[in-house]
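Residue numbers (full-length UniProt numbering), protein chains in the order written: chain R, 1 to 539; chain Z, 1 to 513.
Just so you know, these hints were derived from the structure itself, not from any lab.
In this text, all values refer to a predicted model and were calculated from it rather than measured experimentally.
Check the hints yourself; a few may be wrong.
Restricting the straight-line Cα-Cα distance to at most 20 Å, the calculated cross-link-like pairs of lysine to aspartate or glutamate (EDC-like) are [stated by the list, open to error]:
id, chain 1, residue 1, chain 2, residue 2
1, R, LYS334, R, GLU347
2, Z, LYS443, R, GLU347
3, R, LYS396, Z, ASP304
4, Z, LYS444, R, GLU22
5, Z, LYS418, R, GLU22
6, Z, LYS443, R, GLU34
7, Z, LYS444, R, GLU34
8, Z, LYS444, R, GLU347
9, Z, LYS338, R, ASP489
10, R, LYS484, Z, ASP304
Computed from the model, here is a short list of chain Z residues facing chain R with C-beta under 10 Å [claimed, not checked]:
id, residue
11, ASP52
12, ILE406
13, ALA424
Computed beta-carbon distance windows for the label pairs [as the list claims (entries may be wrong)]:
id, chain 1, residue 1, chain 2, residue 2, range
14, Z, VAL508, R, LEU384, 26 to 36 Å
15, Z, THR417, R, HIS439, 31 to 41 Å
16, Z, ARG185, R, LYS64, 55 to 65 Å
17, R, LEU523, Z, CYS238, 15 to 25 Å
18, R, HIS210, Z, TYR438, 36 to 46 Å
19, Z, SER122, R, HIS210, 50 to 60 Å
20, R, ALA465, Z, ARG420, 39 to 49 Å
21, R, GLY295, Z, ARG420, 49 to 59 Å
22, Z, LYS126, R, LYS427, 26 to 36 Å
23, R, THR194, Z, ARG420, 33 to 43 Å
24, Z, ALA235, R, HIS210, 49 to 59 Å
25, Z, LYS126, R, ALA465, 32 to 42 Å
26, R, MET1, Z, THR417, 54 to 64 Å
27, Z, TYR438, R, ARG497, 38 to 48 Å
Using N, Cα and C, we set each Cβ at its ideal position, and we do this for glycine too.
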Amino acid sequence: MPTVGVKRDLLFTALGRTYTDEEFDELCFEYGLELDEITSEKEIISREQGGSKASGASDVILYKIDVPANRYDLLCLEGLVRGLQVFMNKMEAPRYRRVRPVSGEPQRLVITKETAAVRPHAVAAVLRNITFTQERYDSFIELQDKLHQNVCRKRSLVAIGTHDLDTISGPFTYTAKPPGEISFKPLNQTKEYTATQLMSLYKTDSHLKHFLHIIEDKPVYPVIYDSNGVVLSMPPIINGDHSKISLETKNVFIECTATDVTKAKIVLDMMVTMFSEYCAQPFTVEEAEVVYPDGKTCKYPELAYRKEKLSSEFINRKVGINESTETLARLLTKMCLRSEVTGAGDEIEVEIPPTRSDVIHACDIMEDAAMAFGFNNIPYTTPLTYTVAHQLPVNKLTELLRQELAAAGFTEALTFALCSKEDIADKLGKKISETRAVHIANPKTAEFQVARTTLLPGLLKTVAANRKMPLPLKLFEISDVVLKDETKDVGARNSRRFCAVYYNKSPGFEVIHGLLDRTMQLLEEKSARGDGYHIQAAE
Amino acid sequence: KGTLFSPFLTSLLGSRDVTSGLFQASQGSSMADTGVVESLLGLVEKADGGVDSLEAAAGLGVDHQLLVGAVKSLQALGDLISAELRSSKHWELSGEGTEIAEQGSHEARVFGSIPPQGLTQSDLMKLSFGKIGFSKAMSSKWIRVDKAHEGGPRVFRTVRIKFTWTVITAFSENRSSTRVLPAFRTVKSYWITKGSSFSTTITKQETELTPEMIASGSWKEKKFKPYNFQAMGVAPDCGHMHPLMKVRTQFRQIFLEMGFTEMPTNNFIESSFWNFDSLFQPQQHPARDQHDTFFLSDPALAHDFPQDYLERVKKVHSEGGYGSQGYKYAWKVEEAQKNILRTHTTAVSARMLYKLAQQKFTPVKYFSIDRVFRNETLDATHLAEFHQIEGVVADRGLTLGDLMGILHAFFTKLGITKLRFKPAYNPYTEPSMEVFSYHEGLKKWVEVGNSGVFRPEMLLPMGLPEDVSVIAWGLSLERPTMIKYGINNIRELVGHKVNLQMVYDSPVCRLES
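Hey, can you work out the whole structure from these sequences and the hints?
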C-alpha cells in the first residue's frame, strides 16, 4: 500500500478547515485511507540518520497517509484534497478537458520502429501556462516518484519524463539506439556522457541503480530527441539536463514511455489531471500527437469519460441496504462518479472519470456506493446458508493423534517447512538428488533452498536449540513434507508425516519403539509380520 | 475474562519453577547425617549470641554444604533454630592460581622441565604449561631455541637459576590484569542462633501418613511435619501441545461449530495460475515479484490446466468481459505456469470454487487453516512462512451485510464483539473490507483481518451462476496467538528456536469471552 506524505497545514488550508488528528483519522477511515503516522521531516531524519543530522531539518508536521494500491488519483496532495472535498460535498468533481493549442499545431512525438526491441510505447501531453510554487513543484516531482514506484512497477512498465517545453522544440523523436551512440548531459550533471558511461556511473547511485536492469541487456536503449537533436530523456533511466523543469517553467511537456500502453495512458492521465489545476485554464490539458511507426496518429492524453448504467436494485441487493435511486446517485457522485437517475425504472447512469482507472466493473461502482453510504452504517445480517460441516479426514486424524501423543508424554514441536539442502541431505547422510525435494529458485538465504522432505531435521534443530532444558526431551510433530510427484499438475504433493525424537543421556531406543507401538495400537494396527506392522534392523 | 486480548494468565496452570520447596528439600536430602545436625545443635547451645556456619563447618571438619543442609533440615522442624543468611567476600585463587601456588609459575616449570641436553620444542609444547611458560621464559631469556637443530627445533636453558617463590596473599580489589589468577568471590553463610523452641534433641517428624500407621494406630502418637503450602507441587510428567496448534484447534472448532467444511489445503506447491491468475490478479502485480514470492526451479512449471477455463481467464485479464473492462495487457500462459510456494490459501479456495462451478450449484461454507509462504524481509513479526485462516461462503444473493454478520458471529466466538470495517483494496475482492476491533488494552482500533466479496471477473469465468456471491475473509493464525500468549517476537513462537519451556508453560486456549 503506497504511503503519501503531505504537510498537515497545507492539507488543512486546501480543505478549508482544520481537524484534530482524531477527526482527520476518522475521515480517512471512512474514505478507505489510513492516517499511518504523524511526523515531521526532522523526526524522520533523526530516526533514520541520528539526531545530529536532523538539527537543520523542518519540523513542519507531516501526515503519512496510506492509500489503496489502485487509487493512483490519491497519490498527491492535489488528488487527496479533491477526493475528500468531493466526498464531503464541498466541491464538485472537476471536468478534465483535452484542448487544441490556442495557436499552431499540437506537439508531435514520432515513434520509430527501433523502439519495438526495447520499449515500444509512448504517449505525451502539454500543461500550458502552469504556475509552480515550491510546494506545487515538490508535489509534482513526488507524484512522479509515487507513480513510478506503484502503477509503473518501478519504471519497468512506464517511465515519466517532464520537460520545460520552452527549452526544446518539436517535433520530438522517440527512437532506440546502441548505447555507444547516445550521448548527452544528464540531469544534474556537468558534462556529457554516453549511455554506456551513464550505466556504469549510475551503478553506484542509490536511487537509479534499481532501474538499470530494465534496459541494461538490450542491444539498443530508448531515447527521445527534439528537432535539434537535444536529448529529452533516456527512459526509463534519466532525463536530459537541458530540458529540466524549474519553478519558473510555464509550459511542461510530459512524455510517458512504456512496455504496457494501457498503464502509460493511465499514468499520463494521472499526471495531467492532478496538475492541470495550476494551469491558466484549470483542468484543461493541451493535446499532443503521437505518430506510430506504421503512420497511425493518436491524440493524448485520452482523458476518457466512460458511462455505465446499473440499477439501484443491483446496488441495494449486493450491499444489503434499501436506498432510493436518487440517494444512491447522490452517494456515487460523492465518490467522484457523477451519477444521474435516467428515469428508466431504477436505472442510474454513472460517469467514470479518467482519474478513476480503478473502476472497471459495476461491482467497483457498487463498492463506492457502499463506501459513501458508510460501511459501518450497513446492518449486519445472517445468511440462511444451510450446510453440514466436514473435516478433512487427514486433519481430523492429525488432531486426534496429537492429543494422544501429548498424553503419551511427548511435546509438540512446530518447525519450518522450508530449510536448506544440507538439512535434508548432507546432514542426514543422503544425497540431495535422492530426496525428491522441490527446489526454490529465488531464496534470499540458505534457510529457504528447499521444502523439507522429512520432519526430522526440524526436530533435531529444536533439540539443539533446547540443550539447556532438563532431560529427557521427548518431541513430536505431525505435519506436511513436500515431495516431487509427476502425477500432479504442479509436479509435487504434500505428504503428512509423524516424527518423534527422544533425547537423553542414554539412547533409549525402546522409548521411541514404545511410542511406535502405542501409535499403532491407537491406529488399530497389530504387531505382526505380514498382516500388521513390524520393525527390523536397517542396513 | 479470557478474551483474545486478555493478559497472559500464568498462575493457574503454574510455572514449573525448579526452586524446590523446603518440604521437598528435607524429604530429598539425607537427613541421615544426623551427626552433623546434632553437633551443630551442640555448638549453638554453647555459643553466646550465635554461630557462623562457615566457622561451624570448619570446626566440625565437614563440608560447608553439608552444614547448610543441616541448617535447612533444622529450619524445617519449626523454630528450633533461626538462621540469617549472610554473605561475605574474599579473595580466592582460581584453579590456575592454585596450580601456580603449588608447583611454581609456568615459566619456572618450563625451565625445570628442560634437561641439560635440551628438549624438542614440540615435546615442550605438549606440556600443559608449555605454551604460556615457553613464551614467558623466552622473554625473560631463561631459555633459547635452536631452530636448526637436528630433529627439529630444540630448547635449551641459557642460565642457571634456583627458584623460590612467594604466594601473593593479598590483592587490591581494583587490581586489573588480563590474567587475574586470584578471583574475588562471594561466600554465603548462615548466622545461626537459638530459636524460640530450641532443644538439642530432635523428635523425628513424619512426612507421610502410611497404611501401617493407620493399621497400628501409631499415627496418634506421631508428630507430622506440616505441609508447605507455599511451595509448588510436583509437576506432573506429561507431554504438551504447541500453543500455535492449540489456537489452531480452537479456530477449527469455531468453523466447525458454524457449519464450515475444511478445504484440502495440503498442497504447498501451487501454480501461479491458481494462486494469482484465477483470482484476477494481474501478471504485473507486485505480489508476483521475485521479491515477494518463492518461485520453484524444480519442478518449475505446472501443466494440465482446464483449457477452456484457462482461455476464459486469459480473456478476462487481457480483454475483459462479464461486464468488466479487464486489465488490457498481454496475458501470458508462461507466467501462469510458473510454480510457486503458495502465497495464500485462497489458491485452494479458487480450486474449490472452480470445482463447485462444475456441478449443479449448492451453497457451501468452506474454511482452511494452513501454511503460506512469502519471500519477504523477516522481522520480529514476519517470517517466510505463516498460517492463514480463511473462511469462504458461496450462496445466491449474499450481501455485504451478510459478510459483516458472519464476521460478527465469527469474531464473537473469539471474544471480540466490537467491530469496525474500513474500505480497502484487494485485486480479487470488491468490495474489500479490513476488519478492525477495539482493543481495550491499547485503547485503539487494531486490524484483525481482511475480508471481501470475490470479484465477478474471478467467479464468472469459473462458471458459477451470476446470482451467486462468494464472501470470504482471512487472518493470520500467528498474530492472535502472539496477542493471546503475550509473545512479541514470532521466532519465540514458531520454528526450531522456540524455548520448549514456553511450550511446557502455555495455558489452554480459551478464546470465548
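Each hint, compared with the structure:
Straight-line distance between C-alpha atoms of LYS334/R and GLU347/R comes to about 18 Å, which keeps the hinted pair within the 20 Å bound. Pair hint LYS443/Z plus GLU347/R does not hold up; C-alpha atoms about 44 Å apart against a cutoff of 20 Å. About 30 Å separates the Cα atoms of LYS396/R and ASP304/Z, which puts this hinted pair outside 20 Å; it is violated. Under the criterion of a C-alpha separation no larger than 20 Å, the hint pairing LYS444/Z with GLU22/R is consistent with the structure, at around 11 Å.
Among the hinted pairs, LYS418/Z with GLU22/R is consistent with the structure: their alpha-carbon atoms are about 19 Å apart, no more than 20 Å. In summary, the hint linking LYS443/Z to GLU34/R is supported, as the alpha carbons are separated by about 17 Å, within the 20 Å threshold. A C-alpha spacing of about 14 Å is found between LYS444/Z and GLU34/R, which places the hinted pair at or below 20 Å, so the restraint holds. The suggested pairing of LYS444/Z with GLU347/R is violated, with an alpha-carbon distance near 41 Å, which exceeds 20 Å.
Among the hinted pairs, LYS338/Z with ASP489/R is consistent with the structure: their alpha-carbon atoms are about 12 Å apart, no more than 20 Å. Taken as a hint, the LYS484/R and ASP304/Z pair is honoured in the structure, with Cα atoms around 16 Å apart against an allowance of 20 Å. Restraint check, ASP52/Z versus chain R: the minimum CB separation of about 34 Å is more than 10 Å; hint violated. Nearest Cβ of chain R to the Cβ of ILE406/Z: about 7 Å, under the 10 Å cut. The hint holds.
At a threshold of 10 Å, the smallest CB-CB gap from ALA424/Z to chain R is about 6 Å, leaving the interface hint in force. At about 34 Å, the CB distance of VAL508/Z to LEU384/R agrees with the hint of 26 to 36 Å. Separated by about 47 Å at the C-beta atoms, THR417/Z and HIS439/R break the suggested range of 31 to 41 Å. The supplied range of 55 to 65 Å is met by ARG185/Z and LYS64/R, whose beta-carbon atoms lie about 56 Å from each other.
Separation of LEU523/R from CYS238/Z is about 22 Å and conforms to the stated range, judged on CB atoms against 15 to 25 Å. At about 41 Å, the beta-carbon gap between HIS210/R and TYR438/Z stays in the expected band of 36 to 46 Å. Restraint check, SER122/Z to HIS210/R: a C-beta distance of roughly 58 Å satisfies the suggested window 50 to 60 Å. Hint check: ALA465/R to ARG420/Z, Cβ distance near 41 Å, so the stated range 39 to 49 Å holds.
With their beta carbons about 57 Å apart, GLY295/R and ARG420/Z fall inside the hinted range of 49 to 59 Å. At about 35 Å, the beta-carbon gap between LYS126/Z and LYS427/R stays in the expected band of 26 to 36 Å. The hinted window of 33 to 43 Å between THR194/R and ARG420/Z is violated, with their beta carbons roughly 58 Å apart. Remark: the range hint 49 to 59 Å for ALA235/Z to HIS210/R is upheld by a beta-carbon distance near 56 Å.
Judged by the Cβ atoms, the range 32 to 42 Å given for LYS126/Z and ALA465/R holds: they are separated by roughly 37 Å. At roughly 28 Å, the beta-carbon separation of MET1/R and THR417/Z lies outside the given 54 to 64 Å, and the hint is violated. At roughly 42 Å, the beta carbons of TYR438/Z and ARG497/R sit within the given window of 38 to 48 Å.
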